[in-house]
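Asker: Protein chains in written order, with this note's numbering: chain A, 1 to 299; chain B, 1 to 275.
Don't read these hints as lab results, they were simulated from the structure. As the structure is a prediction and not an experimental result, all values here were calculated from the model. Mixed in with the good hints there might be a few duds.
As the list claims (entries may be wrong) - Simulated crosslink set (SDA-like; lysine to any residue; CA at most 25 Å straight-line): (1) K79/A <-> G54/A; (2) K147/B <-> K79/A; (3) K116/A <-> E88/A; (4) K249/B <-> K79/A; (5) K249/B <-> F289/A; (6) K116/A <-> K249/B; (7) K116/A <-> M164/A.
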Amino acid sequence: MTATTTAGPLSSAAHAEHVARLTPVLTAHDVSIEYEVDPPVRAVQGVSLTLHRGEILGLAGESGCGKSTLAYGLNRLLKDPAVLRSGEVTFHDADGTDTDVVALDGDALRAFRWDKVSMVFQGAMNSLNPVLSVRAQLEDVLTTHRPGLSRTERGERCAELLEMVGVDPVRLDSFAHELSGGMRQRVMIAMAMALEPQVMIMDEPTTALDVVVQRDILREIMRLRERFDFAVVFITHDLPLLLEIADRIAVMRSGEIVELDTAEQLYAAAQHEYTQTLLSSFPSLLGDFSYDDGEGAGR
Amino acid sequence: MSTLEVRNLVKEFKVRDGLRRSTLRAVNDVSFTLSAGRTVAVVGESGSGKSTVARMIAQLETPTSGEILLDDAAIGRRGRALADYRHQVQMVFQDPFASLNPYHSVEHHLARPLKLHGVARGKDVLPAVYGLLERVNLTPAPVFAEKRPHEMSGGQRQRIAIARALAPGARFLVADEPVSMLDVSIRLGVLNLLARLQREENLGVLYITHDLATARHFSDEIVVMYRGDVVEQGPSDEVILDPQHDYTKTLLAAAPEPSRHGRLRDEVRAELAAG
Chain A
1 MTATTTAGPL SSAAHAEHVA RLTPVLTAHD VSIEYEVDPP VRAVQGVSLT LHRGEILGLA
61 GESGCGKSTL AYGLNRLLKD PAVLRSGEVT FHDADGTDTD VVALDGDALR AFRWDKVSMV
121 FQGAMNSLNP VLSVRAQLED VLTTHRPGLS RTERGERCAE LLEMVGVDPV RLDSFAHELS
181 GGMRQRVMIA MAMALEPQVM IMDEPTTALD VVVQRDILRE IMRLRERFDF AVVFITHDLP
241 LLLEIADRIA VMRSGEIVEL DTAEQLYAAA QHEYTQTLLS SFPSLLGDFS YDDGEGAGR
Chain B
1 MSTLEVRNLV KEFKVRDGLR RSTLRAVNDV SFTLSAGRTV AVVGESGSGK STVARMIAQL
61 ETPTSGEILL DDAAIGRRGR ALADYRHQVQ MVFQDPFASL NPYHSVEHHL ARPLKLHGVA
121 RGKDVLPAVY GLLERVNLTP APVFAEKRPH EMSGGQRQRI AIARALAPGA RFLVADEPVS
181 MLDVSIRLGV LNLLARLQRE ENLGVLYITH DLATARHFSD EIVVMYRGDV VEQGPSDEVI
241 LDPQHDYTKT LLAAAPEPSR HGRLRDEVRA ELAAG
């Protein structure tokens, strides 16, 4: 551990300048999440993070670093034994009102989720319900959150959503097993877009997909982001991928954010030792690579 | 020099869909030669047939047609000849969380192949186990020998799987996605280990992967597969830096590259601006 534990994540001056121009949409302050098992696991420790309107914030880290737990915490999706021990999460709505996400309860929480902050879950292949058609699953979101819509309007909206993510609307009557992995993930994204949320949290959305399909999906996400201007928290262990799509990247280890910077700065001048380790773990495809013969036997 | 060669390898699977029966040609006419002291990478996406090639070489699948030759002789498929083949060709599986038995200690995992393949017996077994652990850099060996799989990290488990493959005295290793299940920061360590074994012990390594960057840097030759066919093969740098086939080009363009940060974002913006 370096001395950053108390000082917060390392960042550059360029980063401070970059964020000064942006308006926040979701702020987390000093969030700690614990798994109440024996002994308790402090999965997220005093994390503060600001997500700005329309930006893609990458959350990078290896398995067990707390990145998914943090994302679930931001969306109030934690379930036992995970508990939000302390901290504040505030959502700054486009209409100017601020919502204390931690205090939300019951109907207010239900209305908030998906409408303001939606999520694309890990495991594209298995997140859809296998016994319901795509239409039923998309309509479910609308009947719950937009009860005013007529049946025809709902149907139209569903078709429109699929078109938006590049899937032929005839697929509305398909079931998950009839779709390819890439199509399933597109449907998941359509579902997350259904209510035009201001924030989308994407947890390893492309990990299970082949690189070519992965690239198509990423392109789709970027296109939709440009069009609808939602902010994205993009969680993955794939740092090269984040460097290509993210505006800013937070590097997490052992429940803490050790470095937070713009993608450009992070690539050019990573300050934290762990970020440097992560970066050097991905040999460049086209560049040179030197064997250092570091076999990392202890790990 | 010893070689492992596959010639015109074909594998068809029978598929049943309700009452319809058809065959799926998973591997279509694949040929390449793996020599001692060299690494050949087979790259491709899921469903390209690369794992099926690995499994045929490890004799976990029988080819529909085609030949596998070890030192220019057709390989034996049963009895003594099969056992002989297995002394020399071993496999490292993708998932070290599944390929090691949680009930058994590391010592058991390594002692068994040593005894079964007649490499060591009696009081020679334990020193041989320690020797294997040292070869894969798990020291102090007596400490690791006592551990069970759950007491080790993914990288350490994969080292055990490699040691186990070396135990029979294998000259060729077939490594099917050996690092894709591991945390990113320990992947290179395991690949460096394989590279050292290949160099120092003159091991032939078949490296099955979907990761083009490590395929390039850790192998001498690359075979690119697409839907069962080999679309391109050649020296690693040539295939990556000067790809000839469209599919290879597509794969290369899709691979994330740290030095091209912001590329996708900028491309999409440019596309949208252009309408």
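Asker: Check each numbered hint from earlier against the structure, then list the numbers of those it violates in ascending order.
Answerer: Hints 1, 2, 4, 6 not satisfied by this model.
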